[in-house]
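S.K.: Using the sequences provided together with the hints, build the complete structure.
Going by the UniProt record's numbering, the residue at position 101 of the sequence shown is 101; the numbering climbs one at a time, nothing skipped.
Be a bit skeptical, because a hint or two may be false.
Here are the simulated lysine-lysine pairs, DSSO-like style, with alpha carbons at most 30 Å apart [claimed, not checked]:
1) Lys-155 x Lys-76
2) Lys-144 x Lys-76
3) Lys-115 x Lys-98
4) Lys-98 x Lys-76
By construction, these hints were calculated from the structure, which means they are not laboratory data.
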Amino acid sequence: MDLINMSRSLRRLPGCLMKSVLFQGHQSRRVLSTPSKWHGLFEPNDLKLAPDIPEFKVLHIQMRGHDFPVLESYAKQVHGMVRVILNLESDSFASPAKSTQVRTFHPKSVNVNHKFDLQTFIRTVAVDNVPTTLVPIILQLVQKNCPEAVEVSLKEPEPEEEEFRYVPDYSVLELQARKDFIASGKLKKK
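M.R.: Next comes the structure, spelled out in structure tokens:
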């Protein structure tokens, strides 16, 4: 009895349809169906489809080597790979060469046999807004294509490196010191 009353009450609901289903030639079950506007998945309005991927604001790919032509062509290749293959904005720049003096000694003595002036050249490719998911791919691309005698490092920029990048202009520094000296009143203009 309860099932009959329940099926009658379901028939009276607005928007609900009762259908009888034929099962092996007998009418046996009734199926409750609702209109298609009630079907579907509930999605909240503030749902984001793509997750937020953290990014490095700037990432430096720094290459060091003693052979200038090899280093320069490899820096050009890395800059092109980052720009074309990975579709990231990048900028490349050179830093001043570091000079190292190398001495060899005669066997079992303190006398200098040979003196060498070894230049270390530095090229840097700065990549902007790098997603953290691309960092392993960049690292693999750089490592697989690295020529011999080139040392590569991938890191965030440091202020000391930014200062080292610029060569000081001693004449400008001298004029600035003279200006400060005049401003202090210890030296009169000529």
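S.K.: Going through the numbered hints above, which ones does this structure break? Give me the numbers in ascending order.
M.R.: Hints that this structure does not satisfy do not exist here, as all of them hold.
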